[in-house]
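Take a look at the letters that make up each chain.
Protein chains: 2
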Amino acid sequence: MPAHNRHPTAQILQTLDHTFLVDCGEGTQMQMNLYKIRRSKINHVFISHLHGDHYFGLIGLLTSLGLNHRTNDLHLYAPEPLKEIIDLQLKVSNANLPYSLLFHSLETEGIIYADKKITIECFNVNHRIECWGFLFREKKNLRKIKPGKVNEYKVPTSFYESLHEGKDFIDANNKVIKNELLTSAVTPAKSYAYCADTGYFEPIIDKIKGVDLLYHESTYLHNLEEKAMSRFHSTAKQAATIAKKAGVKKLLIGHFSSMYEKLDDFKTEACEIFENTDLAEEGTSYII
Amino acid sequence: MPAHNRHPTAQILQTLDHTFLVDCGEGTQMQMNLYKIRRSKINHVFISHLHGDHYFGLIGLLTSLGLNHRTNDLHLYAPEPLKEIIDLQLKVSNANLPYSLLFHSLETEGIIYADKKITIECFNVNHRIECWGFLFREKKNLRKIKPGKVNEYKVPTSFYESLHEGKDFIDANNKVIKNELLTSAVTPAKSYAYCADTGYFEPIIDKIKGVDLLYHESTYLHNLEEKAMSRFHSTAKQAATIAKKAGVKKLLIGHFSSMYEKLDDFKTEACEIFENTDLAEEGTSYII
Chain V
677 MPAHNRHPTA QILQTLDHTF LVDCGEGTQM QMNLYKIRRS KINHVFISHL
727 HGDHYFGLIG LLTSLGLNHR TNDLHLYAPE PLKEIIDLQL KVSNANLPYS
777 LLFHSLETEG IIYADKKITI ECFNVNHRIE CWGFLFREKK NLRKIKPGKV
827 NEYKVPTSFY ESLHEGKDFI DANNKVIKNE LLTSAVTPAK SYAYCADTGY
877 FEPIIDKIKG VDLLYHESTY LHNLEEKAMS RFHSTAKQAA TIAKKAGVKK
927 LLIGHFSSMY EKLDDFKTEA CEIFENTDLA EEGTSYII
Chain U
677 MPAHNRHPTA QILQTLDHTF LVDCGEGTQM QMNLYKIRRS KINHVFISHL
727 HGDHYFGLIG LLTSLGLNHR TNDLHLYAPE PLKEIIDLQL KVSNANLPYS
777 LLFHSLETEG IIYADKKITI ECFNVNHRIE CWGFLFREKK NLRKIKPGKV
827 NEYKVPTSFY ESLHEGKDFI DANNKVIKNE LLTSAVTPAK SYAYCADTGY
877 FEPIIDKIKG VDLLYHESTY LHNLEEKAMS RFHSTAKQAA TIAKKAGVKK
927 LLIGHFSSMY EKLDDFKTEA CEIFENTDLA EEGTSYII
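Here the protein sequences line up with chains V and U, keeping their order. The first sequence maps to residues 677 to 964 in the numbering used here. The second sequence maps to residues 677 to 964 in the numbering used here.
Same shape as in the complex, but just chain V (with noise of 0.2 Å):
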């Protein structure tokens, strides 16, 4: 329930290329508003599961998206009745989209996008309905080739890709020219999960593994570990012991109960299981 200044899930992944939208509650459009989010740059929307509070912002976001004139594809991954609902609520306001929404039903793990950059996988979490988790993953990015160096090394184009790799290059007489001295770094490839609303639920750990991100719910504190399990919800001590198992380098909890407004008592409890863990605090960008 909104309370406490704090709306329903929705965030925003934003990579060199994409602008991802991931679970869009009530009143999501206001808020890109307020952040500033061009939402016009959305071309990918993922919903976890049709729990209201992950998706009732996304009718008015499509449909403000038509009002401003979009006619780029808009590729939308969700449980497959929302298709249905969608479908409802246009043709009872007589409307028609201006651009295509082309809609992916999620029916079984694995990878539901990829291009040069980046592969999308979805996978099962452990919630009370269907429900899905995404791992972001970008691909690993190669070495970029100097020019005037393999030039002045004289390297064949033919070992360009081996350079690109990072190998080392052997030279006519036998000197080892390092690669470093070749080619130059370019950002690292980075990974996000965000697993959506879920009991404590130890098969995703082996999906995510070492993820440089890791979004996990965490709507109760560990006293309320009955409560939580029989809501199919985490703790955030859960949280943290699946980010410890998971070797994840960063752990992000939110999904707080509206029966906290406080939320110190949230990282305090994961820290001590995994240390770097941050609150997924309304407004805030954190940096992969």
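Hints in this document: simulated from the structure, not taken from any laboratory. Some clues are possibly wrong.
Which copy? The list can't say, so a pair holds if one copy fits it or any two copies do.
Derived DMTMM-like pairs (lysine to aspartate or glutamate); straight-line CA-CA distance at most 25 Å [unchecked claim]: (1) 759 / 806; (2) 926 / 940; (3) 717 / 937; (4) 767 / 756; (5) 825 / 814.
Once you have looked at the hints, place chain U on chain V.
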């Protein structure tokens, strides 16, 4: 479209006995928190039509009321297809509301609610899809008898009803006892008409004649009269013309297009035709 910190439409009408919600755009439940409106007090919701800016916030409000353990009946008056939308959204979330949601489909003009104190009528307005206006009319309040005085002047109980209605009493000596001496005044009965999205439409004039407060949409300024007409919306001048022809006491204009950041010109334009006009501004209360 939400813009310039203006949210989609929702109004609370507060009477002595009721808190009515009229339309419920996205974000209404959050705005209610902001303006400290106790949503548990709402027992009747009226939805004018099924364009998203008038109802996308309803499902979130309904489910939040459920999470708040509401048990009182909630009456919803709306175009019929809304029922299917709500049912579908509850079904996919595998949720049951802990209270009864009583759906009243708007089908013909006339009284849709009445109790001892108030009647509520719906009437057709002229929009691109089925759309309803609502007229809230308090029943004439009866004057209150002063017990000491009716004893003193020996008024028989059979005359009490006439006293309630304001009639003078003639005693055994043919002396006229003024009603004001025997009774006290109560708040006069008030009326409020809500004319949701509509083009200029004279047939509503008869329905709303003489109301204390008329809310009439005014999406555009009059230099865009043709645009307004083609979209079944009104200009400020047209809203004021309706107010004038209906002889209402006061006019409130709202539903301003997102293309306008400042609203001063709306007031100026309307006041030229109908002076007692106010802008419907977010978070503002208007005393009827």
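Next on the checklist: Could you work out which of the previously given hints the structure breaks and list their numbers from low to high?
Outcome noted: Hint check: 5 fails alone, others pass.
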